[in-house]
Amino acid sequence: MGKTTKRVKTPLTRETVKDLHIGDEVLISGTIYTARDLAHARLVEMIKGGGKLPFDAEGSVVYYVGPSPAPDGRVIGAAGPTTSYRMDPFVPDMFKAGMLGMIGKGPRSAEVRQRIIDNCGVYFAATGGAAALLSRSIVKSEIIAFRDLGAEALRRLTVKDMPVIVVNDCYGGDLYKEGVLQYRLRKVFFR
Amino acid sequence: MREIELREISRAVKELSIEANTVANDDLRCALKASIEKEESPAGKAVLNQLLKNQDIAKTEKIPICQDTGFAVVFLEIGIDVRLIGRSLEEAVNQGVRDGYTEGFLRKSILKDPLTQPVNTKDNTPAIIHTAIVPGNGVRITMMPKGGGSENMSRIEMLKPSDGVEGIKDFVLETVRTAGGNPCPPIIVGVGVGGTFDYVAFLAKKSLLRKIGERNADPELAAMEVSWLEEVNKLGIGPAGLGGRVTAMDLFLEVFPRHIATLPVAVNIQCNAARVKTRVL
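Sequence order for the protein chains is W and F.
Sequential numbering of the first sequence, starting at 119, is according to my numbering.
Sequential numbering of the second sequence, starting at 339, is according to my numbering.
Don't read these hints as lab results, they were simulated from the structure.
Quick reminder that beta carbons are idealized off the backbone N, C-alpha and C, glycines included.
Be aware that one or more of the hints could be misleading.
What follows is a list of derived Cβ distance ranges for each label pair [as the list claims (entries may be wrong)]: (1) M164/W x E341/F: 41 to 51 Å; (2) L449/F x S227/W: 41 to 51 Å; (3) H468/F x E260/W: 21 to 31 Å; (4) E260/W x E341/F: 23 to 33 Å.
No farther apart than 16 Å at their CA atoms in a straight line, the calculated lysine to aspartate or glutamate pairs in the EDC-like style are these [unchecked claim]: (5) K450/F x D266/W; (6) K400/F x D190/W; (7) K460/F x D174/W; (8) K383/F x E143/W; (9) K397/F x E357/F.
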C-alpha cells in the first residue's frame, strides 16, 4: 500500500496510473469533466450510438459532482463528490470511450473494480462533505453540454492541486475493504 | 390569540435555508473535534480535519458546506393560541424555500415527476412539511436540508415482535455496515422503533433533530443509544469509509407504542454535514 503524496496531471496516461497505489494521497491538476446520473445516461447513449462525445475522453478523469450555483465573483459553488455506485452501470462504456480515472465517494461494484484492473484505470475518492474546501481547487468551470440538466450539466473544470486519495488502483487494491478490515473490531454476523 | 403573518414564516424559512446550509452548528463542530481525538487512523484524522476546515471556509465565504443542499425538510410547531394570517401555510413555507435556495445560491435538487421526465422544479420546492399543534402562542420552525446520499442508505423494516431488541440492534448495525463509506461518515444514526410503517420513519427522522450528545430522556433507552453507538463504531468504517474508529458521532433512538403484531424499525442516516437550524417566532 502506498502512503505518499503524489502530483498528477490530466489527461492521465497508463504510466501515471501504474504509479498510483491505494492509500496514495494525490493532488490532481489539469482538466477534468463533471458528470453524474443523467449526464452519464446521455453520454453512454452517445457512445452506444457510435456518436462523438462532447469532450476528448482519451485519458480523461470524470468527477461525479453536481455543484451548487456559483455566487457572483466565484468560479463555482460548493463542489464535493456525490456517491459513485450510482454511476457503476455506466463505467464499462466510459472506459471504452477512453476514460481512465474517476473521482467520487463510496465503494464500487465488483464489476467496476474488475474493469479498473482490465483497463488499467484508477478510482479516486474526494472527501464527501468537504465541498467548500474542494471548490477552492477549481480554478475554471464551463458548461460544455447538457445545460438543461442544471446542476447535472457536463462541465469542463480546470483544477489545481485537487486533494484526493487512491481507493481502487489498477492492481486490484481496494482501500475501502482494506481500511475497514484494519479497524474492524466486531465480527460480522447477521441474520 | 396571537396573530402571525405567513409572510413572517416565509422570511424565517428563507433565512433558515441559507443559514443551515452555510453555517455548521456548534454541537457538530465539537463532535468533529472530539472525533479527531478518538480517531486512530491517519487517513481518518485527515478527513476529519478537512471537514472542520471545510466548515470554516463555508462560513467565511458564505457558500454551502455541501453541494447537496438537500430536500428541504421543515418541522413546524404551531402554538394553539396562534392565528396565522394569510392563505396557505404550505405555500408560505415553499415560498421561503424558493427564496432561500435562489438568493442563497443553493443547489436545486428536486425533480418534479419522480417516475417519468426528469424536470427540475428549479427552486428546490416542494418542501417536506411536518406540522404539529402544540400548547403556547409561538411558532417554532426547524429547517433540516437532507442530502440524497445519506437518505439512500436509510432503511425501514417490519420486524417480527419475537426479533426483540437484539433484532433491532442487528438491523441497525447491518444498515450502517451496508452503507459503508457511501453516506459520508462520520454519520449520525437516527433510529425509530414502533408505531406504524409510515410513522416509524418519521420517528427516525425526528430523532436527527437532537443535538449531538443529547440522550433520550428514558434512562433505559439512553443506555441503549450509548451501547449501540459503541457497537457501530466497532464496524471499522471510519471517516469517509477509509477505515477507522469513528464511524458515527452519535445514535439517537425514538420510540412509540406498537401494535401487538408488529415491530417496525427505521434507520435514517445523517451525513457528516448534519444541518439543522431552528427559529422561534
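These are the hints, each one checked on the structure:
| no. | hint | in the structure |
| --- | --- | --- |
| 1 | M164/W x E341/F: 41 to 51 Å | 58 Å, violated |
| 2 | L449/F x S227/W: 41 to 51 Å | 24 Å, violated |
| 3 | H468/F x E260/W: 21 to 31 Å | 41 Å, violated |
| 4 | E260/W x E341/F: 23 to 33 Å | 51 Å, violated |
| 5 | K450/F x D266/W | 14 Å, holds |
| 6 | K400/F x D190/W | 12 Å, holds |
| 7 | K460/F x D174/W | 30 Å, violated |
| 8 | K383/F x E143/W | 14 Å, holds |
| 9 | K397/F x E357/F | 9 Å, holds |
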